[in-house]
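Chemist: Single-letter residue listing:
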Amino acid sequence: MLVIEGVQTFYGAVHALKGVDLKVGTGEIVALIGANGAGKSTLLMTICGNPKPRYGRILFDGDDIVGIPTHLLVRRGLAHAPEGRRIFPRMSVVENLRLGAVAADPAHFSSDLERVFGLFPRLKERRDQRGGTLSGGEQQMLAIARALMSRPRVLLLDEPSLGLAPLVVKQIFAIIEEINKRDGVTVLLVEQNAFHALRLAHRGYVLVNGQIAMTGTGQDLLANEQIRSAYLEGGHGR
Amino acid sequence: MNAVARVKDAALAALVAAVLALPLLGFATIDTGGPLGISTRFDYVAYAALAVFVGRLVFMALVDLWRERQMDSAREAAHDPGKPDRMAQIGKLADRWLLPLMIGFAIVLPFLPFADRTVVDLATVVLIYVMLGWGLNIVVGLAGLLDLGYVAFYAVGAYSYALLQMHFGFGFWEALPLAGLFAAFFGVLLGFPVLRLRGDYLAIVTLGFGEIVRIILLNWQKVTGGPAGISGIQRPSFFGFPFSADPPAGKTAFHDLLGIEYSSIHRIIFLYYLILLLALITSLFTARIRRLPVGRAWEALREDEIACKALGINPTNTKLTAFAIGAMFGGFAGCFFATRQGFISPESFTFIESAVILAIVVLGGMGSQAGIVLAATLLTLLPEIAREFALFRMLAFGMAMVLIMVWRPQGLLAHREPTIKLKPKGAS
Chain A
1 MLVIEGVQTF YGAVHALKGV DLKVGTGEIV ALIGANGAGK STLLMTICGN
51 PKPRYGRILF DGDDIVGIPT HLLVRRGLAH APEGRRIFPR MSVVENLRLG
101 AVAADPAHFS SDLERVFGLF PRLKERRDQR GGTLSGGEQQ MLAIARALMS
151 RPRVLLLDEP SLGLAPLVVK QIFAIIEEIN KRDGVTVLLV EQNAFHALRL
201 AHRGYVLVNG QIAMTGTGQD LLANEQIRSA YLEGGHGR
Chain B
1001 MNAVARVKDA ALAALVAAVL ALPLLGFATI DTGGPLGIST RFDYVAYAAL
1051 AVFVGRLVFM ALVDLWRERQ MDSAREAAHD PGKPDRMAQI GKLADRWLLP
1101 LMIGFAIVLP FLPFADRTVV DLATVVLIYV MLGWGLNIVV GLAGLLDLGY
1151 VAFYAVGAYS YALLQMHFGF GFWEALPLAG LFAAFFGVLL GFPVLRLRGD
1201 YLAIVTLGFG EIVRIILLNW QKVTGGPAGI SGIQRPSFFG FPFSADPPAG
1251 KTAFHDLLGI EYSSIHRIIF LYYLILLLAL ITSLFTARIR RLPVGRAWEA
1301 LREDEIACKA LGINPTNTKL TAFAIGAMFG GFAGCFFATR QGFISPESFT
1351 FIESAVILAI VVLGGMGSQA GIVLAATLLT LLPEIAREFA LFRMLAFGMA
1401 MVLIMVWRPQ GLLAHREPTI KLKPKGAS
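Line by line, the protein sequences give chains A and B. So the first sequence is numbered by the working numbering: it starts at 1 and just counts up by one. So the second sequence is numbered by the working numbering: it starts at 1001 and just counts up by one.
Everything labelled a hint here was simulated from the structure, so no lab data went into it. Glycine included, each C-beta is placed from N, C-alpha and C at the ideal position. Be careful, since some hints might not be right.
Stated by the list, open to error - Subject to a maximum C-alpha distance of 20 Å in a straight line, what follows is the list of computed SDA-like cross-link-like pairs (lysine to any residue):
no.: 1; chain 1: B; residue 1: K1421; chain 2: A; residue 2: R57
no.: 2; chain 1: A; residue 1: K52; chain 2: B; residue 2: P1418
no.: 3; chain 1: A; residue 1: K23; chain 2: A; residue 2: T133
no.: 4; chain 1: B; residue 1: K1092; chain 2: A; residue 2: Q129
no.: 5; chain 1: A; residue 1: K23; chain 2: A; residue 2: R57
no.: 6; chain 1: B; residue 1: K1421; chain 2: A; residue 2: K52
no.: 7; chain 1: A; residue 1: K124; chain 2: B; residue 2: L1195
What the hints assert, rightly or not - If you want a taste of the chain B side facing chain A, the calculated C-beta under 8 Å gives, among others:
no.: 8; residue: A1297
no.: 9; residue: E1299
no.: 10; residue: I1306
no.: 11; residue: K1309
no.: 12; residue: S1345
no.: 13; residue: S1348
no.: 14; residue: R1416
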């Protein structure tokens, strides 16, 4: 569904991605793990068109999407919940969700709203509260819910566990799994929390210094000694 | 702060005052018959320094007292988190009740006993600023694009009407939509180069844009009349019935139409209602568009541009429409201004006008309609009232602005009404 071939991205002179190949099949959850500065977020942002890759192709549904502006990608069914949540702080929860639905048919709004409220009952309780007054976990739920409002076929999630309590992280990952299983949304998940991400994912990629160092099923990667020592030691339950 | 720190602080302030006072108060020129002589008045410098010393001591003591009380109320609020900000509550009530109240008052104003020519005239000026404030609020308050050159669109509207009327004989109602259209076009013209800019950088470019328009008006003598401006602009008529004691042949004057005595105040009142109508249209439009996708996109853009893109909002179109529509209302206001004054020149469209309009939006509380009315009233009436102390007018103006910003940095009535309300049981 989403195929990335030989993508190289530069920030000025900095070579951030040095030829990345990655595939996300329909209905899969794919986790992309790696240390700080490995280029995980850069890859997600490159998929979204900002920055543009200097070399390589990005295929979505078989079409090359390099050069298509970010806002049009959403209309094709590629939603991005950016790093740091980026909810609209002065708007209410419902308004945030309404803005998530700008790319979708307005006729679906009510039913979609019920659907995401079904996934996130907490948001329903807080529907008239301003986004900025929500807790970190609730904000992350809102960010994911907002991305879902555009009825994506592929959901790109950038560090959904960032800065959240372990219990909340568990909740969020359970919901991601549900979105994938129940609604058939394909998920590309960028995470530093490798343990949770790999347990959830069908397949995983390990990004080191802008290159894919390793790939395999989530279980394989979890069992891998190198990965255990590099990313997982002491990381259980984090 | 302990006593020593306080005295130190006050002494520093006194030193600054003394340095400033030395050239300003310390020397005076005296007429010695021949060349100018200079007398020294160092005692004045000492008085100034002393006054500042004492003043600073008292001021800092008051500030500390006030801070303590703030801390107390913050502590109280921490115990009782359900209690929302009092002024925000007032802002909420204000948008619901104050605005209709103000509109009601504005409608009956010309018939109140104290409403003579001066009052209605002054109210018209206030309403022009209310309308400009509401127009700029679309750009600054909703879309979050800091525009320091708003007066340019006001000027474009005014000159559009003046020129259309002069060369093609357009009437006010025919020229009004065109003036708005031209201004909107200029809004897009400004919007394109600044698409990538935000915050301070955007402010600088818009400031420059305002000046460019003014300087073009000043120098393009052939078309705009240069510094002399355009005079003899047609005064408005009541839908074809002129306000005049002896109307031109074949036309019925307004007072004959109604069968009342001619009075020069009819036109003043008509102008007043005209701007009231235009301002109300602006207000209604703003309230309405906030609930439409484009209005929501403006507000989202103000909150977070990256999130907007990620959600499928086209930032280019969103910014351009904000500039265009904000400019359009500026153009309408300018068109009205031209017909009211009968004379326009670049003098009326200087940077200080932009600054005042922006001050109205910021002081009023970005996004609050009632707040903008309050601020516009305050900022236009204050200079009028303070006219008696002409020397201190700007001083008082500045002081009032500083005080409001210290007391309420978010504006007088900052409050944002959500654009969607679900039914209580979540039935929606």
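Chemist: For every hint, state whether the structure bears it out.
Modeler: Verification of the supplied hints:
| no. | hint | in the structure |
| --- | --- | --- |
| 1 | K1421(B) / R57(A) | 44 Å, violated |
| 2 | K52(A) / P1418(B) | 36 Å, violated |
| 3 | K23(A) / T133(A) | 38 Å, violated |
| 4 | K1092(B) / Q129(A) | 15 Å, holds |
| 5 | K23(A) / R57(A) | 12 Å, holds |
| 6 | K1421(B) / K52(A) | 39 Å, violated |
| 7 | K124(A) / L1195(B) | 36 Å, violated |
| 8 | A1297 | 7 Å, holds |
| 9 | E1299 | 7 Å, holds |
| 10 | I1306 | 6 Å, holds |
| 11 | K1309 | 4 Å, holds |
| 12 | S1345 | 41 Å, violated |
| 13 | S1348 | 36 Å, violated |
| 14 | R1416 | 6 Å, holds |
Of the hints listed earlier, those the structure fails to meet are numbers 1, 2, 3, 6, 7, 12 and 13, in rising order.
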